[in-house]
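> Chains A and U supply the protein sequences, listed in that same order. If you're matching positions, the first sequence starts at 1 in my numbering and goes up one per residue. If you're matching positions, the second sequence starts at 168 in my numbering and goes up one per residue.
Any given hint could turn out to be false.
Label-pair ranges, simulated between beta-carbon atoms [to be verified]: (1) U/Val214 <-> A/Thr44: 21 to 27 Å; (2) A/Tyr167 <-> U/Thr300: 18 to 24 Å; (3) A/Thr131 <-> U/Ala245: 28 to 34 Å; (4) A/Phe122 <-> U/Thr197: 25 to 31 Å; (5) A/Ala153 <-> U/Gly210: 27 to 33 Å; (6) U/Gly205 <-> A/Asn53: 19 to 25 Å.
From the derived model, a few chain A residues whose C-beta atoms are all more than 12 Å from chain U [as the list claims (entries may be wrong)]: (7) Ala79; (8) Ser106; (9) Asn112; (10) Pro148; (11) Tyr167.
A few chain U residues that face chain A, going by a derived Cβ cut-off under 7 Å, partial list only [claimed, not checked]: (12) Val196; (13) Val206; (14) Phe283; (15) Pro303; (16) Ala309; (17) Tyr312; (18) Thr313.
Derived by calculation from the structure, the hints in this document are not laboratory data. Glycine included, every Cβ here is placed at the ideal spot set by N, Cα and C.
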Amino acid sequence: MRTASKLSLAVLALVITGAVTAQAQSNNASITATASVQTPINVTGAQQLNFNNAFPGVNKTVAASDLTNAGRFDVTGQASTPVTMAFTLPATLSSGGNTMPIDSYSGIHADNSAQTVGVVAFTPGASNGATLSAAGAMFVWVGARVTPATNQAAGVYTGSITLTVVY
Amino acid sequence: MKVPVSLLIGVTLLGSPLPLGAQGKPVTVTGIRGVTFGVVLPGVALVIMRTDPANSGQLDIKGPNRGQVQLTFTLPSAMTGPAGAQMPLVFGSSDAGYSQSQAIGGQIGFDPKQPFTASLSNSGRASVFVGGTANPVANQRAGTYTATITLTVTLLP
């Protein structure tokens, strides 16, 4: 009987061991999926580029640093993030069937609207790099020079400047 | 009395999961790399392929040589971001891949939404790769989003 009891214990031990082994045959692990969403970029035309009065045969320039007359775009987006600006710039202004040439453009971007923080001068074109401020803002000014002909017809001349900003 | 006891032991040995124990290697799973979508733009879906060596997820499996295993994913339907914002996460019918060689180029695609049965290598190893699609909505809140993907591996008898 004593021998039988020992064997019964051995059997019980085998059964328990077998059960533990079976449970250990499944295992799992996890990984993480991550994504970072950028704040959408928003561009607003804040101020027109204004040459005011120009006279036939006299070139007139509006500097990008001219806070009153330079054209201005306001950009918002993800803070401290690089962006690319793409300008579409007219080569002439139009008044009915008459045109007035623009022979050059200039640009400034800054972190504030007073042009006192993060001021960078650049030549507007198809691809201009910049970085949004720590507040996720950028202010962009555009200046240009018109070259009226000596026989430039009188009138109000206009054109459109387009700025596209992407990450 | 001894005879019945001896018979009982014999039955127990045959009925226990001794074949698995005899192989000597419990199955283990280790998360190697998460699924990285990186920067996503609101309203623009972003797909990570399971064959993407840098951004796909990877889990490594160890177990008995040539052991048969069943793989079961627990998949999130969305990633959670700032203030509990959700970004839908979708897994396609071939967004998971099984590689006995553990090479990312040697995968067999399978549906991570369904259990998948495979064999470990001669050395008892394999890797599972996973991709997916993030679907941010047009007004998706900016910030970092995360979710947990879990792979359960069961050794089959």
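> Next, verify each hint and record whether it holds.
Checked hints:
no., hint, in the structure
1, U/Val214 <-> A/Thr44: 21 to 27 Å, "violated (32 Å)"
2, A/Tyr167 <-> U/Thr300: 18 to 24 Å, "holds (20 Å)"
3, A/Thr131 <-> U/Ala245: 28 to 34 Å, "holds (31 Å)"
4, A/Phe122 <-> U/Thr197: 25 to 31 Å, "violated (50 Å)"
5, A/Ala153 <-> U/Gly210: 27 to 33 Å, "violated (47 Å)"
6, U/Gly205 <-> A/Asn53: 19 to 25 Å, "violated (52 Å)"
7, Ala79, "violated (9 Å)"
8, Ser106, "holds (31 Å)"
9, Asn112, "holds (22 Å)"
10, Pro148, "holds (44 Å)"
11, Tyr167, "violated (7 Å)"
12, Val196, "holds (4 Å)"
13, Val206, "holds (5 Å)"
14, Phe283, "violated (14 Å)"
15, Pro303, "holds (6 Å)"
16, Ala309, "holds (4 Å)"
17, Tyr312, "holds (5 Å)"
18, Thr313, "holds (5 Å)"
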